[in-house]
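Fit chains B, C and D to the given chain A structure using the hints.
4 protein chains.
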Amino acid sequence: MDSSLYRFVLPMEVRDYEIDYQGIVNNANYLHYLEHTRHEFCKEAGISFSKLHIDGIDPVVARAELEYLSPLKMGESFISCLNIERKGPKFLFFQDIYKTDGTPVIKAIITVACIEKGRLTRGEVLATAFNLT
Amino acid sequence: MDSSLYRFVLPMEVRDYEIDYQGIVNNANYLHYLEHTRHEFCKEAGISFSKLHIDGIDPVVARAELEYLSPLKMGESFISCLNIERKGPKFLFFQDIYKTDGTPVIKAIITVACIEKGRLTRGEVLATAFNLT
Amino acid sequence: MDSSLYRFVLPMEVRDYEIDYQGIVNNANYLHYLEHTRHEFCKEAGISFSKLHIDGIDPVVARAELEYLSPLKMGESFISCLNIERKGPKFLFFQDIYKTDGTPVIKAIITVACIEKGRLTRGEVLATAFNLT
Amino acid sequence: MDSSLYRFVLPMEVRDYEIDYQGIVNNANYLHYLEHTRHEFCKEAGISFSKLHIDGIDPVVARAELEYLSPLKMGESFISCLNIERKGPKFLFFQDIYKTDGTPVIKAIITVACIEKGRLTRGEVLATAFNLT
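Chains as they are written, first to last, in our numbering: chain A, 1 to 133; chain B, 134 to 266; chain C, 267 to 399; chain D, 400 to 532.
What the hints contain is simulated information worked out from the structure, not anything from laboratory work. Keep in mind the model is a prediction, meaning the values are calculated, not measured. There may be inaccurate statements among the hints.
[To be verified] What follows is a set of in silico ranges between Cβ atoms, one per label pair, in the way DEER data are often shown:
| no. | chain 1 | residue 1 | chain 2 | residue 2 | range |
| --- | --- | --- | --- | --- | --- |
| 1 | D | Lys506 | C | Gly354 | 15 to 25 Å |
| 2 | A | Lys51 | B | Ala178 | 40 to 50 Å |
| 3 | B | Ala262 | C | Glu279 | 16 to 26 Å |
| 4 | A | Glu67 | D | Ala528 | 33 to 43 Å |
| 5 | C | Ser336 | A | Ser50 | 35 to 45 Å |
| 6 | D | Asp454 | C | Glu390 | 31 to 41 Å |
| 7 | D | Met400 | A | Glu44 | 33 to 43 Å |
| 8 | B | Lys206 | D | Asn482 | 39 to 49 Å |
[Stated by the list, open to error] To be clear about the criterion: a stretch of chain C counts as covered by chain D if any three or more of its residues have a C-beta under 8 Å from a C-beta of chain D, and this derived list gives those stretches:
| no. | segment |
| --- | --- |
| 9 | 279-291 |
| 10 | 297-308 |
| 11 | 316-329 |
C-beta: ideal position from N, C-alpha, C; glycine also.
If we strip away everything but chain A, and leave its shape as in the complex, we get (with noise of 0.2 Å):
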């Protein structure tokens, strides 16, 4: 895992009550770390959900592929990583999760699109904050 090929990277550990009967992260917490990891980024490039929803303006997901690799389990750090691509209306987010040992646990593209007061924006604002005008 070579975090230099990423714009944002995030260390984070995995929480006791995330894991599930099967003793492993259940699926759908996973979208909460990709979130987070979202969201932290955009909070260094100097982005305030909470600002923009004030504003009118609420990023929301369009769509999300998520390719499952090796399970996290109880007590297990992990790397988040991020990078962005922006894609006519739409930004495309490309988050790769490992174990701090390198194992690839999941590998995702999350697609974000822009509302703004119910319609579909060009996104400016997040373009700019990410320099990717």
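Using the frame of chain A, we list chains B, C and D on its own:
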């Protein structure tokens, strides 16, 4: 929305705690809805996940493709629909959610693999229960 | 378990994703069950939480006392029961959960306060709907 | 907020997916914060919950008393503080959460019992690790 096109249909409703700050169901919760639907389908087919787990067999999500079409909001009801196909050692669940007025909410393909003591199996137990042998 | 002792009764069932690594419903999920029960009770009483929220009124949990008596497990069904009392500006929800065989699961007292634009109100809207004036 | 009054202190931050439609952290999520804090405290004391579980020992929440003092909002950081006392066969966790500016968020007493193969034990494993024998 034509429920005769699906093998299994489950009416559900949004619970208020599933709504996030944007006033819509958080993207991760749809994976909960879809998992719950699969498990209810399995229960109807005579499969007990807890019994499988005790026997060392764990169906796990290997891949998820989710297209978010229209967000669910507070107080809304929906229909969670399911079809299934076998593809090699894996099971493909075609899962669509519609609002009760027919508006498509999500279109998903969830690939499930059967793990037995840490190894991928051909999932014969599931295949038999689903009449997919 | 005598349902005539309660003002509102809601049959529910455990969803598999609510089970944690110990094979029982995680302690936090009971607060979800209890909240969902209160909201369904309110819906029946003609109260819409989303409308209240738009009107600037937000009922919030001020206090919770939970006695965990017997854990819910995979595949179990349960009955979520509710009584309500008014106490000054607050509402006390006496909420008990039983397995369908009558085994007590949880005994809770949830105190709810009504916040309007950041300030505690006397909750007249709720009191009227609940016939507790 | 004087951290020297506590035996264990964990800095955490709100994740956006924990916020509900009211714009505040949903009441159930505080139980997640408190559980995560107890488990981190235990980890520091050399206790592995996954090892305990494999050994057939499961600490479970027997009682929870939560006073919600001031809600956490989007983007806020907080300090989760813990003290512990032994009371017969049970452990009492006194858990307080404060915003980083010192505002009290929640005041909780969580009673934990140690179950071994379905029966209440005196929790000697935990007591030894916590120096509470």
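Hints breached by this structure:
6 and 7
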